[in-house]
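Chains as they are written, first to last, in full-length UniProt numbering: chain A, 1 to 387; chain B, 1 to 387; chain C, 1 to 378; chain D, 1 to 378.
Do not rely on the hints blindly, as some may be mistaken.
Said to hold, decoys possible - Here are the simulated BS3-like pairs of lysine-lysine, each with C-alpha atoms no more than 27 Å apart in a straight line:
#1 K65(B) x K78(B)
#2 K78(B) x K310(C)
#3 K267(C) x K184(A)
What the hints assert, rightly or not - To give an idea of the interface, some chain A residues facing chain C are shown, with a C-beta separation under 10 Å as derived from the structure:
#4 G143
#5 F214
#6 E282
#7 S345
Derived by calculation from the structure, the hints in this document are not laboratory data. Where a beta carbon is used, it is the ideal one built from N, C-alpha and C, also for glycine.
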Amino acid sequence: MTEDASFRAETRAWLEANCPPAMRQPAGFDDAYWGGRKGHFASPEQQQWFEAMAARGWTVPDWPKEYGGGGLSPEQAKILRQEMARLGCRSPLHSFGIWMLGPALLKFGTEEQKRHYLPEIAQGKIRWCQGYSEPGAGSDLAGLQTRAEDKGDHWLVNGQKIWTSYADKADWIFCLVRTDPSQKQGGISFLLFDMASPGVSTKPILLISGYSPFCETFFDNVEVPKEQIVGAVNQGWTVAKYLLGHEREMISSMGFAAGEPSLGHQLAGEYGPIEDPVLRAEIALHDVDALAFRAMSEKFLDELKHGRAHPAQPSMMKYAGTELNKRRLELDMAAGGSDALEWESARSEQGTRPRAWLRSKANSIEGGTSEVQLGIIAKHILNLPGA
Amino acid sequence: MTEDASFRAETRAWLEANCPPAMRQPAGFDDAYWGGRKGHFASPEQQQWFEAMAARGWTVPDWPKEYGGGGLSPEQAKILRQEMARLGCRSPLHSFGIWMLGPALLKFGTEEQKRHYLPEIAQGKIRWCQGYSEPGAGSDLAGLQTRAEDKGDHWLVNGQKIWTSYADKADWIFCLVRTDPSQKQGGISFLLFDMASPGVSTKPILLISGYSPFCETFFDNVEVPKEQIVGAVNQGWTVAKYLLGHEREMISSMGFAAGEPSLGHQLAGEYGPIEDPVLRAEIALHDVDALAFRAMSEKFLDELKHGRAHPAQPSMMKYAGTELNKRRLELDMAAGGSDALEWESARSEQGTRPRAWLRSKANSIEGGTSEVQLGIIAKHILNLPGA
Amino acid sequence: MPMFLTEDQAMLKDMAGPFLAEQAPVKHLRQLRDSNDATGFSRDLWKQFAEMGLTGVLVPAEDGGSGLGHVEAGIVLEEIGRNLSPSPFLSSAVAAVTALKGADADMRGRYLPGIVAGDTVAAIAVDELRKHRPVETALRAERSGNGFRLTGGKQFVAHGHVADLVIVAARTAGAAGEEQGITLFAVDKGAAGLSVEGVRLADSSIAARMLFDGVAVDAGAVIGDVDGGWAPLCRMLDAGRAGAAAEMLGVAGAAMDMTVDYLKQRKQFGRLIGEFQALQHRAAHLYSEIEIARAATLKAQQLLDSNDAKADLMVAVAKAKTGRAAMLAVQEGIQMHGGMGMTDEFDIGLYMKRQRVLEELFGDSGFHADRVARLNGY
Amino acid sequence: MPMFLTEDQAMLKDMAGPFLAEQAPVKHLRQLRDSNDATGFSRDLWKQFAEMGLTGVLVPAEDGGSGLGHVEAGIVLEEIGRNLSPSPFLSSAVAAVTALKGADADMRGRYLPGIVAGDTVAAIAVDELRKHRPVETALRAERSGNGFRLTGGKQFVAHGHVADLVIVAARTAGAAGEEQGITLFAVDKGAAGLSVEGVRLADSSIAARMLFDGVAVDAGAVIGDVDGGWAPLCRMLDAGRAGAAAEMLGVAGAAMDMTVDYLKQRKQFGRLIGEFQALQHRAAHLYSEIEIARAATLKAQQLLDSNDAKADLMVAVAKAKTGRAAMLAVQEGIQMHGGMGMTDEFDIGLYMKRQRVLEELFGDSGFHADRVARLNGY
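Extracted from the complex, chain A is given alone in its bound form (with noise of 0.2 Å):
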C-alpha cells in the first residue's frame, strides 16, 4: 500500500469511528460551530466532533503543527477532504479565522504572531470577524476612512466599519485602518485587536432577508497595542489584497461546485414535472450554464493546483458563479410559485426559500461587485486599454 493509500485507509477509519452520525447530514450555513468566547455547542454530537477533529489539529488540516494545524501534506489534505466528503462530515469549525486571517498571517505574519494567534484559531478559541468595508467605500477600499494614529506606545483607532460579519458575535477583528492620510492605498495598515477595548461598539443591520450577519462597527478611541498589526506600517493593502485574492479563490472554489448543478433536475424531484413551458425552457438553458459552470470550477481548481490559472480568474469565477446563482434563485421562485412567496410559515420554514432568494442578491455585491470583478478581468486578463 503506498503511503497515500494507508493514510486513507487510516482516515477513513478514524472518521468512521469518530464522526458521530448526526454530524454526517447536510447543515446550513447557520447551524454550524463557530467557536470564539461566546461559542456555544448546538448538541453534544457537535461538541465531540469539534473536539476529536480539533485535538488532532484537523480543523486546519494542512497548518503546520507548530501553530496547532494538523500537519498535512496537500495530498493527504485532499484526501481529507475526500473522505469528509465521502461520509458528509460536516466542517467541525467554520471560522474567518481559518478562512481569512489564518492565510494572511501565515504569510504575513512574525513568528510570534503565528505562534500566538494561530493555535487559538484552530482551536477556535477566539472568534475573528473582518474590518474592511466603510460606509463610503464599498468596492473602493482605497478610500477608507478609519484612522490609526500612532500615539507612540499604542494606536489610537477612531471610525466606523460595516458589513462585518457577526461582529457582534466576533471576539476579535482584522481591520483595515488608515495610517497615513496622504497616501491612498500606499497609507493603510492591517490590525488586529479585541473587540472588548473600550470604545469598540457594535450595530447588526437588518436585511431585506429579515436576517442580521453583518454589523456596522464603531471605533471610538480605541486604543491598540503597537505590536499587533500585520506586515509593515502603510503596507496593509498588500495583506488586504493577498487576503481578497484568497476569499475570491475560496468562494469560487468552495460555493459553486457543490451541490445539485441541474435546478430542474432538483425541482422535478420536489414538485414533478416542470408544466410551464417557457418556464421549462428557461431553466433547461440555466441547468445548461449550471453544468458547463461545473466543469469549469473543476478546471480552475485543477489549474489553481497546478499553478496554472490566470491570477485574475478568481474574478471570472466570483462574477460568473454569482451572476449564475442568482438566477438560479429567481427560477427557485419562479418554479415555487405563491407557495414561495410564504414569509413566516411554518409550512415554508419561516420562508427558507424567499430568504435565501433574497440573500442571493448580496453574492454579486460582497467581495467585489460584479462590476469590479469585469472591471479586474478587463484590466489583467484583457489588457484592455485604461481599465
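With chain A's structure known, arrange chains B, C and D on it following the hints.
Positioned in the frame of chain A, the structure of chains B, C and D alone reads:
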C-alpha cells in the same frame, strides 16, 4: 361631409383609379423606383404610378406647392397615407432627397435653394446621397477630416467618405466637410455638389450580406461653387444634427411599426407548429417584446404628433427597435434551420433569409450605434453625470 | 384613442399621486409591517379611497360608481405600486368589480354599493396550486338543494383573510383542464365550512389559504351562467392582470427613479457611480424596457376599455413585458445600490419583494408568454 | 484526469495551430470562396492532414490510426475553427470514424485506411428536415434480396457532394419518432438511384441534399445491428457534437481575440474604444462565457474518451453552451467592429457565418438545452 371626409373620398377614388394593381403588391426595398439621371423603371406600371403621383406633387404630399410638393395639410397627408396603406399602394419614389435633404433644406435652405433643389427632388430628377461618415469617424462625426478650403470663388474639397448609400447611383451628394480645422463641431459645413464633378470617384463596399448598397467615396480637388452651402459656414453641425434627429425619427417611426409583430405567428404560417420547446419559448418571449414594442411605436408616434415626445426618445426607439430586429432575425434563422443557411440556391431565393439576417447586424450600427443611443438616453433623459 | 393620457386622466393622476404619496408612502407599509398588523392594510385608507371616488372607478354610474375604465384604474394602481401602498384596490375595485359587473341586478345591488362605499373588501380565489393555472380549476361545486356545496382548496387569495366577499372559481362540470364547466360564485365571509388561514408573504402583504369543506351557497351566489364561468373568469383575470401590470409599472418606475438618484449621489473610486459608462448603459436600457412596458400596459387597458377582441393578447403581453421590465428594475436597483440595497433600511428591497408577489399574481411572465404563443397559433 | 491538456496534447496543439494558421488561414477560405471552388475545401490540405497523422486521430492503432481521443480531435478542431479552415475533418475523421469504429472488421478494413490516408472523404447523412431531429429519421430501408433499398431524402450533409462514403441513418422498422428500428448504412459514392445536389451555404461551405430513389446496398453495408442503429447513431452524433463544440470554441476565441485587438486600436471620440467601460464589461463577460464553454467542452471530450455514462449529458451541455458563447462572440464582435465589421473585407463576418452553420450542425443550442432537461428528468 366635412372637408377631411370629402378629401378622403376623393383621394380614395383617385388612388383606385390611378394606382395600377401591380403597384399594390408589397415590394422589397430595392425593387423601388429611386429616380435620378440614371433612374429606370422596372415596369410600365411603376412608371405610370410614379408619374401620376409626381404630377400631383404627391411624392412629397406635405411639402409646399411652390417647391413641387402636394401642399397638403398634416391631416390631409395623414389621410393620404392611410388610404395608400388601405390599398397597399407602394411608395412611388424612394429618395434620400425626400427623406433627408428635403427636410433640411426646408428648414435651413435659402429661398433660392428651396426653389432650385426641392422640385428636382419631388420630381425624382436628381438622386441624392449622403456624405457623413468617414473611415476615422463613424459614430463620431465631430472628428471628420474631409476638407473644404475656401478658394475665393469656390470650395476645394479633398477627402474621403464611407458608408455613402448608393453613391455609385446618385447624381448629387449632400456632404459634411471641415471648413475650419481649428474647431471641432464648430468647423463643419454642409455642402451640396454634383457627383459628376471632376475629382469625385466611388467604390462600392462589399458587405457580409453579399450586397453592396454602400460606397467609399473619394474627393480629389473637387471644386464646389460657393453658394452650394446649406446654412452658414461652419454651421453645418446644426444642419447635420437636425437631419440625424429627423433620420432617427423616420427610422423609428417607419421601420418597426409595420409588419407582423409576432414572429411565431409568421413562422407557424410558414412551417407549421414550432416543435422545439426551447426555441418556441424564446420566440414567445421575443413576441412579447415585439408586440409590446409595436404598442410603443404607436405611443411614440402619437406623442410625436402632439409634441409630447421627449427630444431624445427617438434614441430609445432606435436602440430598442434595432436590437429587437436583430434578435428576431436570429430566431428566424434558428427556426429556418439548415434551410435558412442556403446562400445561392433558387429554393432559398438566393439566400434572402441569411442575407437579411446578416443585413440586420448593421441596424444597431448605422444611424448611430446602440452604444451612442444608450449614451444619449443616459445623458438627456436620465441626466446621469458625465454621460 | 391616442396613446397618452387625456386631460381627465392626467387630472386623476395628479390627484391619485399626491394622495398616495402623502397618505400611504413606503413608511406606511413599514408601519403596518413592523406592528405586525393583522389586516395588512389600513381600513381608514380604504375609506379614503371611497371618499375620493376611487373604489368605484370601474363601477357603472347606474350602480353608483364613476363608470371609468381600466386606463383610470391603472393610473391609481401605478401610484399604488410607486408608493407600495397596501390596499385591496386591485382585488376589490378591479378584479371583483369586473366579475360583479357581469352579474344580475340582484347581485350587483348586493355587493357593489359596499365596495363603492369602501365598506366591502372583496377577494379573488382562483389558484389552487402554487402556479396560476385557472383552467385547472378543480374545486368542486355540487348541486345541493336550491344551491351548491363547495369542496376544495384555494390559495394565494390576496386579502382573503379579511374579505367580506370572495369570488370563487369552481368546477360544476367537466374536469380540470377544461374551460367548460367552470362556474363563478360569490361567497360571503364566515360561510359555514369555510376555513381561512392568513399567510404573510415576502412583501408583508397577507394572502389566504382557504379550505372549502362543503360550503353551502344558494343559487343566487352564481355569477353569470352555471358551467359558463370561463368567460367571466377570464374577464376578471384580465382586469386583474392589466391592473397588476399597472402596479408593476409603478414599482418599476419608482425602483428606477431611486436607483438613478442613487447613481447621482454615491461616489466610488472618487467619482459618482453614475459617471461609469457601464452603469449608464444599463440604466438607459432599463429606461427603455420600462417605457415599452408602459406602452404595452396602456394599450392593453385601452383595448379592455373598448372591448376589443384582441384585448386578451395585449393583456398577456402587458403582464409578461411589465413583469420582466419590473424584475430588471428591482434587480438592477439592488445591484446598483450595492451593499446598501441589501439593507432593510433602504426601500429598494421592499420594491423587489412586492415585484415578486405581483409577478406571480394572476400568472407570471412565463405563463403569459406561453399565452401569447397560443393566441398567435403556435 | 486533470482538466487541462497533458504534455502530449499541448504538443499536438503546438503542431496543429501553426500548421493550420500557415496552410489554411482565413485567406485560404477566401480563395476557395472567391474562385467558387466546387469542392469547398482543398484536397491537398486533406492529404497534409493525413501526412501529419491527423486524419487517423480517432482511428484505433490496429486499424492504422493513432488511437487518440476526442480531446485530441478537439484540439485540431479548435484550430480549424480559429482559422476557418475548410476541411472534412469533422465529418470524416470524427463523426464517420466514430461510426465505423463500431463496425465489423470487414467494413473497418474497407474504409478506415482510406480515411487515414486522406484519400477518402466521408459524410454524415442524418437530417431530413430543416431542424436536427434524429429520432424522426424516416428514410426507409427495405429488405431487398440480400440487402436493402433506401428511399427518402437527406439534407445538410456536409461535403456530401464529394464524399466517397456516406453514413446514412435509415429506418428499417418502426416509425419516425421511435429510437428502435433505425439502422446505419455505409453508402458508397455514385450508388445507382442516389442523386446529390451540392448547396453553397452562408459560410461558403457546401452541403448536399440527397435523394435516395431505391438505392440498393448489400447486407455488408450495415453498420452494427439492423434496427439497432440508435446507439451507434448517438455515438456518432455525440462525437460530431463535441467536435462541433470544439470548432465553435475556435471560432469564438478568434472572434473575441480580433475584437479585443480592435478595441485596442480603434479610436472614437478621441479615445480608444477599448477604454469605454461599457465595452470593457461586455468583453469581460464574453471572456467568461467562452472560458466556461471551453471547460464544458473539455469535460465532454474527456467523458467521451472514458466512455462515461454521463457523456451524453455533458456533450449536450457543451454543444449548447459553446453555441451560445460563440454566438455572443460573433455578435459582440460585429457590433464592436462597428461599420467595418459589416464589410466583407474584415474577417469577423466570416466567423459569424461559420458560427451559424456550426450552431445548426448536429442540433442547435435549443435542441441540446431540451436534451439536458430530458436527461435530467424534466
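A quick look at each hint next to the structure:
| no. | hint | result |
| --- | --- | --- |
| 1 | K65(B) x K78(B) | holds, 17 Å |
| 2 | K78(B) x K310(C) | holds, 25 Å |
| 3 | K267(C) x K184(A) | holds, 16 Å |
| 4 | G143 | holds, 7 Å |
| 5 | F214 | holds, 8 Å |
| 6 | E282 | holds, 7 Å |
| 7 | S345 | holds, 5 Å |
Figure legend: structure checked against the earlier numbered hints; every hint is met.
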